[in-house]
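Chain U is fixed; fit chain Z onto it per the hints.
Spelled out, the chains give:
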Amino acid sequence: MSQELVLGIYVFIMAIFVGFEVISRVPSVLHTPLMSGTNAIHGIVVLGAFLVAGSADSPLLHVLGFVAVVFGAANVFGGFVVTDRMLEMFRKRETTAPEKKDA
Amino acid sequence: MLDLRASAIAVSYIVAAVLFIFGLKQLSSPSTARAGNRLAAIGMALALAATLLDRQIVSFWTIAIGTLIGAAVGIYFGRTVQMTAMPQMVALFNGMGGATAALVSVAEFLRLSRIGEPIGVGEATSIVLGTAIGAISFTGSIIAFGKLQEILPGKPLQFPLQRLVNGLILVAVIALGAMVVRSGGTPVLWLLFAGALLLGAMFVLPIGGGDMPVVISILNSLTGLAAALTGFVLHNQMLVVAGVLVGASGTLLTLLMSTAMNRSVGNVLFGAFGAAGSGTAASASAVGHTVRQTTPEDTAIALAYARSVVIVPGYGLAVAEAQHTVRELATDLESRGVNVKYAIHPVAGRMPGHMNVLLAEANVPYDQLLEMDQVNGQFPQTDVVLVVGANDVVNPAARDDPSSPIYGMPILDVDRARNIIVLKRSMGHGFAGIDNALFYHEKTRMLFGDARQSLTQVGQALKTA
Chain U
1 MSQELVLGIY
11 VFIMAIFVGF
21 EVISRVPSVL
31 HTPLMSGTNA
41 IHGIVVLGAF
51 LVAGSADSPL
61 LHVLGFVAVV
71 FGAANVFGGF
81 VVTDRMLEMF
91 RKRETTAPEK
101 KDA
Chain Z
1 MLDLRASAIA
11 VSYIVAAVLF
21 IFGLKQLSSP
31 STARAGNRLA
41 AIGMALALAA
51 TLLDRQIVSF
61 WTIAIGTLIG
71 AAVGIYFGRT
81 VQMTAMPQMV
91 ALFNGMGGAT
101 AALVSVAEFL
111 RLSRIGEPIG
121 VGEATSIVLG
131 TAIGAISFTG
141 SIIAFGKLQE
151 ILPGKPLQFP
161 LQRLVNGLIL
171 VAVIALGAMV
181 VRSGGTPVLW
191 LLFAGALLLG
201 AMFVLPIGGG
211 DMPVVISILN
221 SLTGLAAALT
231 GFVLHNQMLV
241 VAGVLVGASG
251 TLLTLLMSTA
261 MNRSVGNVLF
271 GAFGAAGSGT
281 AASASAVGHT
291 VRQTTPEDTA
301 IALAYARSVV
311 IVPGYGLAVA
321 EAQHTVRELA
331 TDLESRGVNV
341 KYAIHPVAGR
351 MPGHMNVLLA
361 EANVPYDQLL
371 EMDQVNGQFP
381 QTDVVLVVGA
391 NDVVNPAARD
401 DPSSPIYGMP
411 ILDVDRARNI
421 IVLKRSMGHG
431 FAGIDNALFY
441 HEKTRMLFGD
451 ARQSLTQVGQ
461 ALKTA
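Order-wise, the sequence lines are chains U and Z.
With the first letter of the first sequence counted as 1, position 25 gets the number 25 in the working numbering; the numbers rise by one all the way through.
With the first letter of the second sequence counted as 1, position 165 gets the number 165 in the working numbering; the numbers rise by one all the way through.
Extracted from the complex, chain U is given alone in its bound form (with noise of 0.2 Å):
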C-alpha cells in the first residue's frame, strides 16, 4: 500500500468520527435541511468532474467530463439554494413564536 493510501485511510476514518459526532447534535426538526445541505455538500465531486473536463483530451473524455460537471453543477447550486430557501421559513419562526405563546 502506498503512503498516500494510508494517509487517505486515516482521513477517512477521523473524518467518520467527526461527522458522527457533528451529525448527531442535529434536532430532528431540522432533518430535512440536514439532508438537503449534505446533499449539496457531496456535490463537491464536481471538483473532480472539472479536472476531468479541463484536460479531456479524446472525444469521449470531453463528453463524460461535461455531463459530470453540469450534473455536479446542478447538484451542488441546487442543494444549497433549495436548502437557504428551508433554512429562512426556519428562521421566520423564531420571531413569530414569542408572540405566539403571549396570546
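Honestly, the hints are just simulated from the structure, not real lab data.
Distance windows between CB atoms, simulated:
| id | chain 1 | residue 1 | chain 2 | residue 2 | range |
| --- | --- | --- | --- | --- | --- |
| 1 | Z | LEU53 | U | PHE20 | 31 to 41 Å |
| 2 | U | SER24 | Z | PRO160 | 37 to 47 Å |
| 3 | U | PRO27 | Z | GLY184 | 42 to 52 Å |
| 4 | U | PHE20 | Z | ALA10 | 22 to 32 Å |
These stretches of chain U come out as covered by chain Z in the derived footprint (C-beta under 8 Å, 3 or more residues):
| id | region |
| --- | --- |
| 5 | 44-54 |
| 6 | 72-86 |
From a predicted model like this one, the values you see are computed outputs, not experimental measurements.
Cβ atoms here follow ideal geometry from the backbone N, Cα and C, with glycine treated the same way.
Same frame as chain U, now just chain Z:
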C-alpha cells in the same frame, strides 16, 4: 516542496473542509442553521475556485458551459420546487451527485489507461467502488424520484425470483469489479458501470413509498461514500472528508428512521413491505364495528369548545398541500383560547423531517411541534386529536396486536385522547396495507374528503360556531 500554486490549492482545500464541518455544526440549532448552510456554500465556492488553478486543467470551456447549465437548472428548481415535493427534489439532486462521482471515476480510469500509467491496486479499487456505488446511487435515486413524483407506482414492484435475480446482478458486479482491479480493461469497467446502474434501479423498485425515508437516507449516504472514494481516486483528501461527512449523516438518518419503524435496515431493503397480500392482519377489534362519520360543522364545534387540540400530520397533508390551511385553522382556534400543538412522528411523510419543513413553510412556530416522546404522555389530557392524512403512525395495532406486521413500531398514542377526528380521503389502507382499528374506535369520528377541502370547510364552520 510544493510550488506556490499547489500550496494555494492545498490551503484552500483545508479551509473548505473546515468550513464544511463548521457549517454542519451550526445545523444543530434552527437559529444558526442558515448561517451554517452559507458557511458550507462558501467552503464549496472556495474549493471549486481553487480547483481551477490546477495545472491539469488546460481548457476552461467545457467547465464554464457545463457549470452554467448545471447551475441554471439547479437554481431554477431549487427556487421553484414546492415544499411538498422536497423528498423527490432531494432524491434527484442526490442522483446527480452519484452520477458525477461515477463518471469522474470512469473518466479517471480512461485517462490513466490512455497515458499508459500503471494503475495500483488501491487506486483501481477506489475507481471500481466509486463507479459502482455512484452508479447504484444514481439509478436508485432516479427510481426513488419516480416513485415520489408518482411517475412510478408507490407500491413495491415485484416479480418472481426477484431476490435471486438481484443477487445474481450483485455477484456479477462484484466479479466485474474484481476483474478490473486484477487486470484492468476498459470494456470490463463499462460493463461494471452498466451492471451497477441496473442494480441501483432493481434494488429500489421493490421498496414501497412509505419506506422512502429510509431509502433516501441510504442513497444519501451512498453518494457521500462515492464522493469520498472519488477523493481516493484523485488523491484529494478534502473530497474524502466532505464525502465521509455526508456518508455519516446519511447513515445516522438511516438508523434513526429504521429505529422509528422498529425494523432493521435489511428488512426495509429486502422485505418488500406494503406489498399486496400483506393486508391479512385485519385487527380483530375492527370486525363487526362500524365507522362513524362526522361533518365539517360538527368537527368545528368539537374543536372550538376544546381546551387542548393536538394535530397529527401525515403524508396525506403533503399530498393535499394542506399545511397552510391547517395552520390557519390552528390560528383561529388559538384566538379562541384553544391550546394547539402538532405531534410529529419521525417517519411521517416521505423523508426525515418532512412534516417539520411543511409546517415551517406555513409559519408554524417550532415550539408548537412536539416529538413523539414529548407528546405521548399528553394525549390523555387532550380533548381532540385531529389526524390529518396519517395512518400507520397512529395505528394502535402496533402497540396492542402482536400479529400485526407493524407490531412493535413506536406510534403516537392518539387513541388515549378524549376525542379523535380523522381526516382521510377514503377508507383505503395506509402504506402498510393493514386495517387501522383507530378508525373503528368508539371515540373516533371520520371526516372523509380531500384534507385541504375538509379543513377549509371546518374553518368556515368555525367562524359561525
